[in-house]
Amino acid sequence: MPLLWNAPLKERFLKRFLFPAFMKKPNPDLPKLTRNDQEVLKIIILQAKVPDTEIAKKIGISPQAVFKIRNKLEKSGIIKGYSPIINLKKIGINIMAMLIMKLTPEVWDHYTDEEISERIKKIPYVINAYRVPESNVTHIILMAFRDLEQMDKYLTGIQTKFAREIEIQSIYPFSVDKIITQSTLGLLYEILDKKEFPLNEFFLKKIENKNSKKI
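Heads up, the sequence shown is in the numbering used here, so the first residue is 1 and it goes up one at a time.
In case anyone wonders, no lab produced these hints; they're calculated from the structure.
A hint or two may mislead.
[What the hints assert, rightly or not] Keeping only pairs whose Cα atoms sit at most 27 Å apart, straight-line, the calculated DSSO-like set for lysine-lysine is:
no., residue 1, residue 2
1, K42, K68
2, K161, K178
3, K161, K121
4, K153, K178
5, K153, K89
6, K90, K121
Could you put together the complete structure from these sequences and hints?
Right, dumping it as structure tokens:
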């Protein structure tokens, strides 16, 4: 099996994403978070509606200080809202689909990137959507449906009605029962604590060759 992370792909990734990021100077407009700011944010991430008095007890500051920190996090845009976590199956959503698609040049002749993004946001079935800077893919969209019949009807309609505008490269349907995690807590904790992710493991330990001798 050929390696997915081959040399040309790695070089293209580094040039496009990594090197420009390293070359940029730190953004002075980014809000600076004190240790207390970070601790309050961690607690809010875990439980958005936790009272300020409870946060104050946990980290040893006054409720008034917690209120000021929460206000700071909201005004700076770090906290953009307090969204509930929805059990999709309980409201009748059983199927999700990852849609990988490409918009044709004809679309870009009529709409800007921002206009397309705004239109995608208004699609009721869309849960998450991402703009991808590739030649054969322009968007990756996560959609949710009641059942396979609804999904098939909608996606077939897209392929039929917008054949000139949209090229669907791949569709990956799956049951909501197969969702492993939707949490960003680990990532946020690592960033706030300024820790490095361990590189020696992914989620599996490296499997040793049975024929190799242990040193």
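Do the hints match the structure? See the list:
no.	hint	verdict
1	K42 with K68	16 Å, holds
2	K161 with K178	31 Å, violated
3	K161 with K121	20 Å, holds
4	K153 with K178	22 Å, holds
5	K153 with K89	20 Å, holds
6	K90 with K121	23 Å, holds
Taken one by one, the earlier hints fail for this structure only at number 2.
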